[in-house]
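What follows is the residue order along each chain.
Protein chains: 2
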Amino acid sequence: MQPGSILGITNFSEPRGSSPKTSLGKRGIFFRTKEFTITYEITATDGNARLGQIHTQKGIINTPAFIPVGTNAAVKAMNQDELKGLGAEVILSNTYHLYLRPGHEIIKELGGLHKFMNWHGPILTDSGGFQVFSLSPLREINEDGVTFRSHLDGSTNFLTPELVMEIQDALGSDIAMAFDECTPYPATREYTLNSLQLTTKWAKRCKEFMKARKCESAEVNQQAEAPALPNLRTSELPSLFGIVQGGVYKDLRKQSAEEIIELDFDGYALGGLSVGEPKELMYEVVDYTTPLLPQDKPRYLMGIGDLLDVLEAVSAGIDMFDCVMPTRNARNGTLFASIGRISIKREEFKADTGPLDPNCECYTCKNYSRAYLRHLFLNKEILSMRLNTLHNLHFYLNFFRKMREAIENSAFDNFKEEQSLILQNNFV
Amino acid sequence: MQPGSILGITNFSEPRGSSPKTSLGKRGIFFRTKEFTITYEITATDGNARLGQIHTQKGIINTPAFIPVGTNAAVKAMNQDELKGLGAEVILSNTYHLYLRPGHEIIKELGGLHKFMNWHGPILTDSGGFQVFSLSPLREINEDGVTFRSHLDGSTNFLTPELVMEIQDALGSDIAMAFDECTPYPATREYTLNSLQLTTKWAKRCKEFMKARKCESAEVNQQAEAPALPNLRTSELPSLFGIVQGGVYKDLRKQSAEEIIELDFDGYALGGLSVGEPKELMYEVVDYTTPLLPQDKPRYLMGIGDLLDVLEAVSAGIDMFDCVMPTRNARNGTLFASIGRISIKREEFKADTGPLDPNCECYTCKNYSRAYLRHLFLNKEILSMRLNTLHNLHFYLNFFRKMREAIENSAFDNFKEEQSLILQNNFV
Chain B
1 MQPGSILGIT NFSEPRGSSP KTSLGKRGIF FRTKEFTITY EITATDGNAR
51 LGQIHTQKGI INTPAFIPVG TNAAVKAMNQ DELKGLGAEV ILSNTYHLYL
101 RPGHEIIKEL GGLHKFMNWH GPILTDSGGF QVFSLSPLRE INEDGVTFRS
151 HLDGSTNFLT PELVMEIQDA LGSDIAMAFD ECTPYPATRE YTLNSLQLTT
201 KWAKRCKEFM KARKCESAEV NQQAEAPALP NLRTSELPSL FGIVQGGVYK
251 DLRKQSAEEI IELDFDGYAL GGLSVGEPKE LMYEVVDYTT PLLPQDKPRY
301 LMGIGDLLDV LEAVSAGIDM FDCVMPTRNA RNGTLFASIG RISIKREEFK
351 ADTGPLDPNC ECYTCKNYSR AYLRHLFLNK EILSMRLNTL HNLHFYLNFF
401 RKMREAIENS AFDNFKEEQS LILQNNFV
Chain A
1 MQPGSILGIT NFSEPRGSSP KTSLGKRGIF FRTKEFTITY EITATDGNAR
51 LGQIHTQKGI INTPAFIPVG TNAAVKAMNQ DELKGLGAEV ILSNTYHLYL
101 RPGHEIIKEL GGLHKFMNWH GPILTDSGGF QVFSLSPLRE INEDGVTFRS
151 HLDGSTNFLT PELVMEIQDA LGSDIAMAFD ECTPYPATRE YTLNSLQLTT
201 KWAKRCKEFM KARKCESAEV NQQAEAPALP NLRTSELPSL FGIVQGGVYK
251 DLRKQSAEEI IELDFDGYAL GGLSVGEPKE LMYEVVDYTT PLLPQDKPRY
301 LMGIGDLLDV LEAVSAGIDM FDCVMPTRNA RNGTLFASIG RISIKREEFK
351 ADTGPLDPNC ECYTCKNYSR AYLRHLFLNK EILSMRLNTL HNLHFYLNFF
401 RKMREAIENS AFDNFKEEQS LILQNNFV
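From first to last, the protein sequence lines stand for chains B and A. For the first sequence, position 215 (counting from the first letter as 1) is numbered 215 according to the numbering used here, and the numbering increases by one without interruption. For the second sequence, position 142 (counting from the first letter as 1) is numbered 142 according to the numbering used here, and the numbering increases by one without interruption.
Okay, chain B solo, but in the shape it has when bound (with noise of 0.2 angstroms):
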């Protein structure tokens, strides 16, 4: 790693010679920086698990990292502070639910994701593959992209690899997917390698898309009736992470990282992973192609959330992981605790003027009870999906600062042991 990457001062090749404060001009005119890419650094390892941080040009990431989910340029029920306050370092929001609405060129002219949505720390963009695997009523594949329909609207949309980059670009990302299929489960060999041969061709669009964006300069106007809006919007490209793909086949898989790597992204993903195969193949999955994958890479499992199955990447050395688990269980009153899972809408908490979890320091548990949240969900108080999302993305992330302080200690698998125990006991 390079001096002085932690501010993200290395690594622009445009314009030499000036820092980022003066390539800033004073009526908001800045450059285009073309090859800015994150770096990654490992600073400790315990068996396979890493400690780590990815450092971009909006902040430091420290890795095992959670991601929370801001589908729609909005982590359910949190304001943009209270995700700050909470440690969040990292949040993820949806190309294909920003393109249907509200159009990535509409955030563009707004100055890009960071500003739209007043969040100014990392953010990473899906590529919309599974969302238009999961979403869309209607699917057609073919080599150049992919026909969906709107889950919204009903309206008829192709997405290509070429047009994924361009919305990611317009957002403002920093970190983008390249675009895949999401191959389903279950899938024969013979589809399945026909898939991760598609995802391959298209990684490689995506890249040299990205390759071939030329440098540019472009003028942001300070927009006179928005002063109070801070104008932090800058333009470098996003750095790009490609998908392997390759379903629960080990030699497909292996295909897979070799072509993806040998496009050499700057982050590398495992797709098409918990949609729908046994757990225990999930993990066969994942053990057998994080090795495969660059060390000296972030390696990101997507859509994985499960704790248990948190540990069991961390082990194999994934860095990254995203879910909607702690935000939308928050939503069904579905609550983690330091000892165990809680229903908060049972009977028994009727009277109960304890804390959600006594060995919690969340805003949630230091000033509500267990009755009042009770109250709030049997109610369906906005503030109940409040409270119980500000707990259990608190439970979230300081479960992931706990695991990287084991690993740092060399005593990931304590952690993994002891914590594995807690999180299969179904407290209530």
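Source of the hints: derived by calculation from the structure; they are not laboratory data. Do not take every clue at face value.
All copies of an identical chain are treated as equivalent in the list; a pair is satisfied when it fits inside any one copy or across any two copies.
[What the hints assert, rightly or not] Computed cross-link-like contacts, EDC-like style, restricted to lysine to aspartate or glutamate with a CA-CA straight-line distance of at most 16 angstroms:
(1) Lys297 - Glu361
(2) Lys254 - Asp46
(3) Lys279 - Asp266
(4) Lys345 - Asp413
(5) Lys254 - Asp287
(6) Lys211 - Glu405
(7) Lys250 - Glu284
(8) Lys350 - Glu105
(9) Lys108 - Asp266
(10) Lys366 - Asp306
(11) Lys108 - Asp352
(12) Lys250 - Glu280
(13) Lys416 - Glu166
(14) Lys366 - Asp81
(15) Lys350 - Glu109
(16) Lys416 - Asp46
(17) Lys204 - Glu262
Given chain B, put chain A in place with the hints provided.
For chain A alone, coordinates are given in the frame of chain B:
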């Protein structure tokens, strides 16, 4: 006003000779102080408009006051720190709702409503009369009370004046409302007369119930399982407001006012307004009835909230208002601004980087653009309801602050004229 009453030190009748500090024993034992009453002080007048302060044991309420509505022990979409930050000095909770769920006895067991919901300022509770009238699918009134069917589970319930007092006492309300019949509109003279007479009888029973409740001491166990939660429940009896009915018949309003005033309450409310009658008729009734109420007690116009109505009512000498308008409108995307009312969903805000209201200092306007607020609203994001509610409550509470300032500066007529023009303006 007696010196020291700001701190709630005077007006304790029990235990004589002991200060509130020493009445709270080391082991959480404290005495029920039977006859603490709120005090009301007028600090300025401008025409009939009054500037004042209601002193309660939980804090001062500056009047004219707006009372945010927290139906189910939560102001929808807000947490209690936000309410405090917005400058809310009192909130309203609903007897009807809390009686049905979770039940007043549970809340009492949990240490009262303040502790339950973690709001330590004054709480006003309504009598449930209006909700029985508006929410229940079945309602049968007789001399003794009201039989109604729960809108939650269809169960049949029977509310009497005594039970309504019991509930509000159990909740630990600071300002309780007498049980009344909210006379519908239209109603014949005969119905209205019978109804107001029933309201008077019930008011008498409420008053007697509160009087009869004997001095007693209560031991509140400091619950070991909730060490982190503040134990601020005090058990003084609520102060009690009477409600004047009489529909749109001036002579009946006069009769009701006289009968209710005769019973000597801590404050007086006008009920049975804004139930479908024309605005002009409501204004007439308010103009006519308000001056009949005692000068030295707070006057409360129940359920009123449209700010044009507020201006008229303050002109007539009303001091307190509650309404779901700012919170409900917020959730429906209608936002108040210094330039008029704004429907945030409109197409023209799609790429509008400006704040909702350039003259507003609230968190929403300081941090988010119209384009983002529109986007959140269209996506039904919980954050939309939060940011909109925060803004609308800020607008309301700020409107009341400016109105109080205007009264203090003998400029209420100007304020009224100027604001009326803006409030009639549907900007977009």
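Do the hints match the structure? See the list:
1. Lys297 - Glu361: Neither: 34 angstroms inside a chain and 44 angstroms across chains, both beyond 16 angstroms.
2. Lys254 - Asp46: neither (24 angstroms within a copy, 83 angstroms between copies)
3. Lys279 - Asp266: neither (28 angstroms within a copy, 66 angstroms between copies)
4. Lys345 - Asp413: neither (34 angstroms within a copy, 52 angstroms between copies)
5. Lys254 - Asp287: within (12 angstroms within a copy, 83 angstroms between copies)
6. Lys211 - Glu405: neither (38 angstroms within a copy, 62 angstroms between copies)
7. Lys250 - Glu284: Cα proximity of Lys250 and Glu284: one copy only (9 angstroms, versus 82 angstroms across).
8. Lys350 - Glu105: between (49 angstroms within a copy, 11 angstroms between copies)
9. Lys108 - Asp266: neither (23 angstroms within a copy, 59 angstroms between copies)
10. Lys366 - Asp306: neither (25 angstroms within a copy, 37 angstroms between copies)
11. Lys108 - Asp352: between (49 angstroms within a copy, 12 angstroms between copies)
12. Lys250 - Glu280: Classified as within; 14 angstroms inside a copy, 79 angstroms across copies.
13. Lys416 - Glu166: For Lys416 and Glu166, neither the intra-copy (40 angstroms) nor the inter-copy (53 angstroms) Cα distance is at most 16 angstroms.
14. Lys366 - Asp81: between (18 angstroms within a copy, 13 angstroms between copies)
15. Lys350 - Glu109: between (50 angstroms within a copy, 10 angstroms between copies)
16. Lys416 - Asp46: Within one copy, since 12 angstroms is at most 16 angstroms while 70 angstroms is not.
17. Lys204 - Glu262: within (10 angstroms within a copy, 87 angstroms between copies)
The structure shown violates the earlier hints numbered 1, 2, 3, 4, 6, 9, 10 and 13.
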